[in-house]
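**Student:** Sequence:
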Amino acid sequence: MILCCYDGLALLWCPRGDHLLWNPSTNESVQLPNHETTSLFSSTYGLGYDSISDDYKILRVEHISNGPERPTKILALMSGSWKKIDNHPCGFRNKTIPCKNSLSFVRGAF
Numbered sequence: 001m002i003l004c005c006y007d008g009l010a011l012l013w014c015p016r017g018d019h020l021l022w023n024p025s026t027n028e029s030v031q032l033p034n035h036e037t038t039s040l041f042s043s044t045y046g047l048g049y050d051s052i053s054d055d056y057k058i059l060r061v062e063h064i065s066n067g068p069e070r071p072t073k074i075l076a077l078m079s080g081s082w083k084k085i086d087n088h089p090c091g092f093r094n095k096t097i098p099c100k101n102s103l104s105f106v107r108g109a110f
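Each residue of the sequence shown is one higher than the last, beginning at 1 in the UniProt record's numbering.
The set of hints was computed from the structure by calculation and includes no laboratory data. Keep in mind that a hint or two might mislead.
[Said to hold, decoys possible] No farther apart than 20 Å at their CA atoms in a straight line, the calculated lysine to aspartate or glutamate pairs in the EDC-like style are these:
#: 1; residue 1: K57; residue 2: D7
#: 2; residue 1: K83; residue 2: D18
#: 3; residue 1: K73; residue 2: E62
#: 4; residue 1: K57; residue 2: D18
#: 5; residue 1: K73; residue 2: D50
#: 6; residue 1: K83; residue 2: E62
#: 7; residue 1: K73; residue 2: D18
#: 8; residue 1: K73; residue 2: D54
#: 9; residue 1: K83; residue 2: D50
#: 10; residue 1: K73; residue 2: E28
#: 11; residue 1: K84; residue 2: E62
#: 12; residue 1: K73; residue 2: D55
#: 13; residue 1: K84; residue 2: D55
#: 14; residue 1: K73; residue 2: D86
#: 15; residue 1: K83; residue 2: D54
#: 16; residue 1: K84; residue 2: D50
#: 17; residue 1: K57; residue 2: E28
#: 18; residue 1: K57; residue 2: D86
The whole structure should be built from the sequences, with the hints applied where relevant.
**Tutor:** Shown next as C-alpha cells:
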C-alpha cells in the first residue's frame, strides 16, 4: 500500500508490517526502522526533504491516543530512528487529519 509520495519516492506499507521507502525509477527500496503504532489505519504519513539537514524526513501523525500524549513521530533517514515530537500548533487535534490522506510537504514544511 502506498502511504505517500514525494520527489519521486514512495513510502510503502507491506502486509507483514514493514515500512519501505521505494524509488520506482531504480526499483531500490530501504526498510525503515520499526516504530510502535496502534494501527496502520489510525495514522497519516508525510514524506519530505529537509534542505537544512540535507535529509529526507517522514512524519507520522497517529489519530488514536491513549491519554493526553499525542503520539506523533518523525524519522530522519540519516539517523535511522523515530523521534517523538510534541510541538503541535495551539488547538491542533490529530483527529482533524483524515487517515486516508497523506500530508503535503511545501516549502520545507508539512
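**Student:** Within a Cα-Cα threshold of 20 Å, do K73 and E62 meet the stated pairing?
**Tutor:** holds (9 Å)
**Student:** Hinted pair, alpha-carbon criterion (20 Å max): K57, E28. Please report holds or violated.
**Tutor:** At roughly 18 Å apart (the allowed maximum being 20 Å), E28 and K57 satisfy the hint.
**Student:** Under the criterion that the straight-line Cα-Cα distance not exceed 20 Å, is the pair K73, D55 satisfied?
**Tutor:** Holds. K73 to D55 sits at ~16 Å (cutoff 20 Å).
**Student:** Can you confirm whether the C-alpha distance between K83 and D54 stays at or below 20 Å?
**Tutor:** holds (18 Å)
**Student:** Between K73 and D54, does the CA-CA distance stay at or below 20 Å?
**Tutor:** Distance ~19 Å between K73 and D54 Cα, so the pair holds.
**Student:** Assess, step by step, whether the Cα of K73 is no farther than 20 Å from the Cα of D18, and give holds or violated.
**Tutor:** The hint holds at about 16 Å.
**Student:** Next pair to validate is K84 with D50; report whether the Cα-Cα distance is within 20 Å.
**Tutor:** Distance of about 18 Å is within 20 Å: holds.
**Student:** Given the hinted pair K57 and D18, is their alpha-carbon gap at most 20 Å?
**Tutor:** holds (17 Å)
**Student:** Are the Cα atoms of K73 and E28 separated by 20 Å or less?
**Tutor:** violated (25 Å)
**Student:** Quickly compare the C-alpha distance for K57 and D86 to 20 Å and report which way the hint goes.
**Tutor:** Given pair K57, D86 holds - Cα atoms ~16 Å apart, limit 20 Å.
**Student:** Would the pair K83 and E62 pass a check requiring their Cα atoms to be no farther apart than 20 Å?
**Tutor:** Holds - the C-alpha atoms of E62 and K83 are around 14 Å apart, at most 20 Å.
**Student:** Given the hint that K83 pairs with D18, does the C-alpha gap stay at or below 20 Å?
**Tutor:** Since the Cα atoms of K83 and D18 sit roughly 18 Å apart, the hinted pair holds (cutoff 20 Å).
This entry does not satisfy hint 10, going by the numbered hints stated previously; all others are met.
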